[in-house]
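J.: For reference, the chains in residue letters:
There are 2 protein chains.
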Amino acid sequence: MFETAELGRTIGKAEFQQREPELRTKLLAAQEELKGAKFPVIIVIGGVDGAGKGETVNILHEWMDPRYLEAHAFGPLTDEESERPEFWRFWRLLPPKGRIGIFFGSWYTRPIVERVYGLSKGSALKAALVRINNFERELADDGALVLKFWLHLSKEGQKKRLKKLEKNPRTRWRVTDSDWKHFKLYDRFRKVSEKALRETSTGHAPWIVIEGGDTNYRHLTAGTELLTRLTKRLAQEKEKAARPKPPKPEIVKGDQPTILDSLDLTKTLEKKAFTRRLEDLQGRLNMLYRQAVVRKVGSILVFEGPDAAGKGSTIRRITAALDARGYQVIPVAAPTQEERGQHYLWRFWRHLPRAGRVTVYDRSWYGRVLVERVEGFCSEEDWQRAYGEINDFEEQLCEHGILVLKFWIQVSPDEQLRRFKEREQISFKRYKITEEDYRNREKWPGYEVAANEMIGRTSSEFAPWTLVEGDNKYYARLKVMQTFCDRLAKAVK
Amino acid sequence: MFETAELGRTIGKAEFQQREPELRTKLLAAQEELKGAKFPVIIVIGGVDGAGKGETVNILHEWMDPRYLEAHAFGPLTDEESERPEFWRFWRLLPPKGRIGIFFGSWYTRPIVERVYGLSKGSALKAALVRINNFERELADDGALVLKFWLHLSKEGQKKRLKKLEKNPRTRWRVTDSDWKHFKLYDRFRKVSEKALRETSTGHAPWIVIEGGDTNYRHLTAGTELLTRLTKRLAQEKEKAARPKPPKPEIVKGDQPTILDSLDLTKTLEKKAFTRRLEDLQGRLNMLYRQAVVRKVGSILVFEGPDAAGKGSTIRRITAALDARGYQVIPVAAPTQEERGQHYLWRFWRHLPRAGRVTVYDRSWYGRVLVERVEGFCSEEDWQRAYGEINDFEEQLCEHGILVLKFWIQVSPDEQLRRFKEREQISFKRYKITEEDYRNREKWPGYEVAANEMIGRTSSEFAPWTLVEGDNKYYARLKVMQTFCDRLAKAVK
Chain A
1474 MFETAELGRT
1484 IGKAEFQQRE
1494 PELRTKLLAA
1504 QEELKGAKFP
1514 VIIVIGGVDG
1524 AGKGETVNIL
1534 HEWMDPRYLE
1544 AHAFGPLTDE
1554 ESERPEFWRF
1564 WRLLPPKGRI
1574 GIFFGSWYTR
1584 PIVERVYGLS
1594 KGSALKAALV
1604 RINNFERELA
1614 DDGALVLKFW
1624 LHLSKEGQKK
1634 RLKKLEKNPR
1644 TRWRVTDSDW
1654 KHFKLYDRFR
1664 KVSEKALRET
1674 STGHAPWIVI
1684 EGGDTNYRHL
1694 TAGTELLTRL
1704 TKRLAQEKEK
1714 AARPKPPKPE
1724 IVKGDQPTIL
1734 DSLDLTKTLE
1744 KKAFTRRLED
1754 LQGRLNMLYR
1764 QAVVRKVGSI
1774 LVFEGPDAAG
1784 KGSTIRRITA
1794 ALDARGYQVI
1804 PVAAPTQEER
1814 GQHYLWRFWR
1824 HLPRAGRVTV
1834 YDRSWYGRVL
1844 VERVEGFCSE
1854 EDWQRAYGEI
1864 NDFEEQLCEH
1874 GILVLKFWIQ
1884 VSPDEQLRRF
1894 KEREQISFKR
1904 YKITEEDYRN
1914 REKWPGYEVA
1924 ANEMIGRTSS
1934 EFAPWTLVEG
1944 DNKYYARLKV
1954 MQTFCDRLAK
1964 AVK
Chain B
1474 MFETAELGRT
1484 IGKAEFQQRE
1494 PELRTKLLAA
1504 QEELKGAKFP
1514 VIIVIGGVDG
1524 AGKGETVNIL
1534 HEWMDPRYLE
1544 AHAFGPLTDE
1554 ESERPEFWRF
1564 WRLLPPKGRI
1574 GIFFGSWYTR
1584 PIVERVYGLS
1594 KGSALKAALV
1604 RINNFERELA
1614 DDGALVLKFW
1624 LHLSKEGQKK
1634 RLKKLEKNPR
1644 TRWRVTDSDW
1654 KHFKLYDRFR
1664 KVSEKALRET
1674 STGHAPWIVI
1684 EGGDTNYRHL
1694 TAGTELLTRL
1704 TKRLAQEKEK
1714 AARPKPPKPE
1724 IVKGDQPTIL
1734 DSLDLTKTLE
1744 KKAFTRRLED
1754 LQGRLNMLYR
1764 QAVVRKVGSI
1774 LVFEGPDAAG
1784 KGSTIRRITA
1794 ALDARGYQVI
1804 PVAAPTQEER
1814 GQHYLWRFWR
1824 HLPRAGRVTV
1834 YDRSWYGRVL
1844 VERVEGFCSE
1854 EDWQRAYGEI
1864 NDFEEQLCEH
1874 GILVLKFWIQ
1884 VSPDEQLRRF
1894 KEREQISFKR
1904 YKITEEDYRN
1914 REKWPGYEVA
1924 ANEMIGRTSS
1934 EFAPWTLVEG
1944 DNKYYARLKV
1954 MQTFCDRLAK
1964 AVK
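Residue numbers (this note's numbering), protein chains in the order written: chain A, 1474 to 1966; chain B, 1474 to 1966.
These aren't lab readings, by the way, just hints derived from the structure by calculation. There's no promise every hint is true.
Same chains, same names: a pair is fine if it fits in one copy or spans any two.
20 Å max Cα-Cα, derived PhoX-like pairs, lysine-lysine [as the list claims (entries may be wrong)]:
#1 Lys1570 x Lys1711
#2 Lys1905 x Lys1894
#3 Lys1905 x Lys1508
#4 Lys1657 x Lys1637
#5 Lys1905 x Lys1654
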């Protein structure tokens, strides 16, 4: 893979000076067009020490408008980062649509370095590369232009470069002990990174290997590659925007029952029995919760279901048993402007809780395959893809040691109507009911189909759905509490 | 201060049931009106253990629309938090305009607890209370309604409450060892918090002491206080909005010279001498920077000055000497929607760098007293107040051990014009010049007056301004580099 980047290619000063102004002008024009486009550019910069990674970041800043260009470098994990899944630190720095983000050091650094130093096995590297491919595919599917530059030097070339810098007293400071330490591992580093590049060089996120020995060649090549790919992409976007949108497909509920139809909504529980058992369960939950804090087992609870299914009141019974410092309830409303500029999962990554906490989502990322699907807020492609993206997201949470519980609380149309009417009678509940809620009832069959498919496609062994019969609120609340206690008990055992 | 909250006040069940619905209805209506208003509500909840702090948070969630209400509790500092000034963790959680933020545990916790446990002196408590008053005043000045509830129990009352909870097997879990440990310190806790409350009970952020013994009384009192103050404030806002806005005062530059006039812009340096000294300085800067990393001394560099003064090119000469993992350049453009919903300093707090890093602001929070003042984007009150707010902000940075360097690069109108024309000749620099830049030249005298006042009022001993003669770019770049090196050398010595 690197042979073609060891040819000793150079570009003379005269040629550079002749080509640079045109390249800069075109890059700026492309960047200007990007500002109004609906996708971000993500540039990963990796490679051999001394091959000019830092200089490449610098020249891109000099050539383009730095106000719409952000570079990020990564050091050791902070504790806020280590308390969350590995990719959290990358998600939170993704550029919004219309901007360029440069990742100098990236999701490739840890897997490659650990393997080079023999701290991880080949199978761990392999698993990491699969995760990386998923991540980059999700970004690309969402529209991001993902480019990855690898700056290469031959072993001899790296040695020469370090020696040259050391010889000049004015540049000696650029060479550190760790540079020479890394140099000793050159062969191993080359082998591991060759494997990593090969397995992650995809059509949607290709690696572009650039010979790093000659500054002029390196700069012009990186700039030209960026320009060519960005320009092509901008043209594609324009063409795509001109195409007519496919009509929103109608969701039809056929004769076959959905999984929701199979729920026995007549299950009931008396208020008295409820009150007694609730106090017991709250006591048990509190004890388990405190054990979970000690063992740093965090929980994420997701609540979905029709309006007036009792999500909010159930959540309050749970949080009443917890310490206020240990939980957070996140009501999911419309995204903010910053959030709309990002991948739809970004805002959920962004607010991911720290280790050992309980985070309750009152509605969630499942909005993508429920309301967004039913109302046609996203394309069919978008929500079809979302099942896999959500499973991948939840898998990362679970691998990190977080318990993920998902509750679908179901009510019958009749019971929902009764609750609507009841709410209208109580002055301080009236705000919860709008015309919209009545209109939504007409879309009930569509939501049932969407929920049925969602439950089937995202009920994984690590994050199963719990379906809750919600017509009797006492029964529903206890079932949720009981389920949470049982899962927690297993996890802290 | 607490005597009036030891009267044993109660509200019977019948009265509670009669008054609650009306209170809830009115609270919801007020919250609905708040959504469209231009200020946030910040509620601090403090008090004695067992006095019902958690229950107050819960009842407010139950009574109001939880989608526009956020509660925050605080545990020990994370390392991302401890690497930044103490108030960073509070700033980043402030509610935006139109919303309610509840701080359960707050900026009062650390100062009070440390003093109770004898870990800090009375003078440290005093200093902390001064900082708190500044903070709350800044929030209130920006429009926030700041309410602070203190839930009180007498010593006997606290003992009774804890015993009662312990007696019932179903509620025993609510009482922890640390509750009894705290109880032993009751008298001391009472004394220290009484002092804290007295010194921070201000007109713009009053403490409301509530007797915590009876749940009904406590809930109704907290709810009613919130309702009364919020309603009053909403009415004031309406009245204020109806008042005619004062005309924007003209900024006149008189005959007297400004501090900028005193700069000798004829200072020059040859390119050859520049190149030689630049390499020396970059080597020195890198060495100092690496020492600073080890000693965790971070630096914040602020660049201000007219268009085309050479801010960007100077910044690039500095960052070229640093490790890409160790610096961040933040070009300050228009705020995002989320940022516009907050205090103008919020977005600078938000992006505050971690310890030991170099952060360069290309334009900064000084926009408030420069462009916002000159263009009339904020009221005279707003920018007048900003000097003090900025000094307070920078003082917190410096107290935290961060070096704050502020550079004003000055160019003469003639030199600026020459650079504009030059930029227009170079294809890839043309994007930097717009009609607007020429129009801005007419406002030059206004900017000079604003800059002169800014420099005078914000050049503190901990964060002085460095004025840079910028007509010769080589001279300017070296002066900045030299200043940074000298300050850094002193700090790491």
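J.: All the hints need checking, so say for each whether the structure fits it.
T.: Verification of the hints:
1. In this homomeric assembly, Lys1570 and Lys1711 come within 20 Å of each other (Cα to Cα) only inside a single copy, at 15 Å, whereas the closest approach across copies is 37 Å.
2. Taking the closest pair of Cα atoms, Lys1905 and Lys1894 come within 20 Å of each other only inside a single copy of the chain (11 Å); across copies the shortest separation is 61 Å, beyond that limit.
3. In this assembly of identical chains, the alpha carbons of Lys1905 and Lys1508 lie at most 20 Å apart only when taken from different copies (15 Å versus 39 Å within one copy).
4. In this assembly of identical chains, the alpha carbons of Lys1657 and Lys1637 lie at most 20 Å apart only when taken from the same copy (17 Å versus 70 Å across copies).
5. In the homo-oligomer, the alpha carbons of Lys1905 and Lys1654 never lie at most 20 Å apart, since the shortest distance is 64 Å inside one protomer and 44 Å across protomers.
In this structure, only the earlier hint numbered 5 is contradicted, and the remaining ones agree with it.
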